[in-house]
Amino acid sequence: MTWREDLRYLVLGDGQADRIVPPSGFTARLTVFAAAAMAFLAVFALALALASNRLAHRWGAELAGSSTIRIVAPETQLGQQTEAALGILETTPGVAFARALTPDEQRSLLAPWFGRDVDLQALPVPQLIEVIEEEGFDPAGLRLRLAAEVPGAVLDDHGRWRGPLLASANRLRGLGWLSTVLLAASVAAMVSLAAQASLAANAQVIAVLRLVGATDRYIAQAFVRRFTLRALGGGVLGTLAGGVAVASLPAPPESVGFLEGLGFAGADWLLTLCIPLLCAVVAFAATKTAAHRALKRLA
Amino acid sequence: MLKALTALAYPRLCIETGRALGHKGAVTPGACVIELENVAYSYGDGALLTQVSLTLAPGSFHFLTGPSGAGKTTLLKLCYGALHPTTGNTLFFGEDVSRMSRDAVANLRRRVGVVHQDCSFLDHLSVADNIRLPLSVAGRQAEEAREDLAELMAWVGLTERAQALPPELSGGERQRAALARAVILSPDVLLADEPTGNVDWEMSQRLLRLLVELNRMGKTVLIATHDLSLIRAAKTQVQARVLRIVGGQVQQAGADL
Ligand SMILES: Nc1ncnc2c1ncn2[C@@H]1O[C@H](COP(=O)(O)OP(=O)(O)OP(=O)(O)O)[C@@H](O)[C@H]1O
Ligand SMILES: [Mg+2]
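Protein sequences appear in the order of chains L and D.
Under the working numbering, the first residue of the first sequence carries the number -13, and numbering increases by one thereafter.
Under the working numbering, the first residue of the second sequence carries the number 17, and numbering increases by one thereafter.
Because the hints were derived from the structure by calculation, they are not lab data.
This structure is a prediction, so every number in the text was calculated from the model and none was measured.
Even for Gly, the Cβ is constructed at its ideal location relative to N, Cα and C.
There's no promise every hint is true.
What the hints assert, rightly or not - For the chain L half of the interface with chain D, some residues (derived, Cβ under 8 angstroms), not all of them: (1) R5; (2) L27; (3) I74; (4) L75; (5) L151; (6) L152; (7) A189; (8) Q190; (9) A193; (10) G199; (11) A200; (12) T201; (13) D202; (14) Y204; (15) L284; (16) A285.
What the hints assert, rightly or not - Covered by chain L, per the in silico footprint, the following chain D stretches (three or more residues, Cβ under 8 angstroms): (17) 57 to 66; (18) 69 to 83; (19) 140 to 150.
Starting from the given sequences, assemble the full structure and let the hints guide the process.
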């Protein structure tokens, strides 16, 4: 007998063999309930993991790949130092593109604070150089060269922002997956307990089956199929409920960047299909282990 | 009903099921069906059986008797591998049970029909489903065995009770159902523990006739009982050996039986 036959039996069943285990009340309800509750929670854990994933990507993409150089120098040297910095950037590996911001662009950056018509000449505003990075960009090396040749240049590679933001997004994603694993473990523990209770309550059934020559495998698979199908059913119910709950979360306003992500989009919904399957797989493994252990003990 | 029991429909069933099943497993040819070699057994406190040797040759008919608590049921359980001897060996069809995997024992047990003293069933399944349980366990389709089952039910006179649940049966009906379940796979040997334990004289005679009929088909039969009148009645129909458990040992009973 192979796992292929196991799977065949699991899906198709066997009229007579399925009925050898008496329908039992509380272990059935416990399994369905546990699977449904865990699946419901798993929908949120999955939503959290996916949202953090999106957030990490967005923050990463927005801030990565570009740096800024500020040139702070007296009015008379500003142009010269900017030229020097651009010259260095031209020969620096890992720099795809670099350009000094035009006065207009600088003005629009300052507009929120000083209004549209600010006179740049009258303010000690640094000149900004936008740097687009590519493979092999080395901020530390560039900083050294700038320090040697352009005394007024300060390189900001956004690492200060990006690091902690990415770390927290990754942490959130990790928590989402950890919750999923913990939920799966809880399903395993509950189903395992329910299966053990069912096996213990059916010691008489097992004795009769042994008497007529049933192998452990035959006895175990009847229990395994029951619990797997119950967990699958509970998982479907819980996932549906969780999906409805997530879909009906009120949409937050555009500006609230974080909450914006908590929900499923497009293909994400397909991932929720994995939750009932996970319930079934976990229940299958838990019941199989419990059954074989119990049958060994009863031998 | 008596007619049903004496009808000769059953031999066809036995021959056909025997062929259909095609017993698996290499077994020493000509070996005894079941053998106990110097077997001792205790449930923990003091030895119940001290040194028992027993061989069941193919086609033989045995009675096992002894006072209540002597260890008849225990000995039967040792015979079908439900208990493992404290010392000594049990051989199934020439193979040492202690060296076999649980699955192999389960497979060989399909060749040993057992009627338990307490006739336990799956109480949530009908009598008919209980009787065909060994077929399902052996991987046979219920469909192909439908006719066989009907014949067997008629043979034990339970046709009308086929859809009843086991708890609804009388003591005698339970014992007949247990007998039908024990023989549906056409086993080589039948072990029956007090098969007439809670039935009246007439019913015990009917059950005895069923067992004798099985023996005439070549099955090995071992009946544990303390009903001496049953043994006497059997001796008029079949050549039976009577064994008695005395002081933890098995002895051949005297000619007075
Ligand atoms: N599972 C068990 N655990 C402990 N002791 C047991 C167990 N089963 C039987 N015994 C004891 O072993 C002895 C023999 O029991 P057994 O059932 O083999 O007797 P028996 O000859 O079949 O009796 P009866 O004629 O009443 O059926 C008894 O004293 C019984 O109490
Ligand atoms: Mg007994």
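Quick one, is the L284 (chain L) hint okay against chain D at 8 angstroms, beta carbons? violated, 10 angstroms
Status of the L152 (chain L) interface restraint (C-beta, 8 angstroms, chain D): Hint violated; L152 (chain L) Cβ to chain D Cβ min 55 angstroms, cut 8 angstroms.
Status of the G199 (chain L) interface restraint (C-beta, 8 angstroms, chain D): Interface hint status for G199 (chain L): holds (4 angstroms vs cutoff 8 angstroms).
Hint A193 (chain L) vs chain D: min CB-CB distance below 8 angstroms? holds, 7 angstroms
For the hint on I74 (chain L), just tell me whether its beta-carbon gets within less than 8 angstroms of chain D. Nearest chain D Cβ about 78 angstroms off; hint violated.
Is the shortest C-beta separation between Q190 (chain L) and chain D less than 8 angstroms? holds, 6 angstroms
Classify the hint on R5 (chain L) as holds or violated, based on whether any CB of chain D lies nearer than 8 angstroms to its CB. holds, 6 angstroms
Quick check: do three or more residues in the stretch 57 to 66 of chain D have a beta carbon closer than 8 angstroms to a beta carbon of chain L? violated (count 0)
Hint L27 (chain L) vs chain D: min CB-CB distance below 8 angstroms? violated, 35 angstroms
Cβ contact check, 8 angstroms cutoff: the stretch 140 to 150 of chain D against chain L, three residues minimum: Since three or more residues must qualify, the claim that chain L covers the stretch 140 to 150 of chain D holds, with 6 doing so at under 8 angstroms.
Hint check: is the beta carbon of A285 (chain L) less than 8 angstroms from a beta carbon of chain D? holds, 6 angstroms
Under 8 angstroms is the threshold here; is the Cβ of D202 (chain L) close enough to any Cβ of chain D for the hint to stand? holds, 6 angstroms
Of the numbered hints stated above, those contradicted by the structure are hints 2, 3, 4, 5, 6, 7, 15, 17, 18, listed in ascending order.
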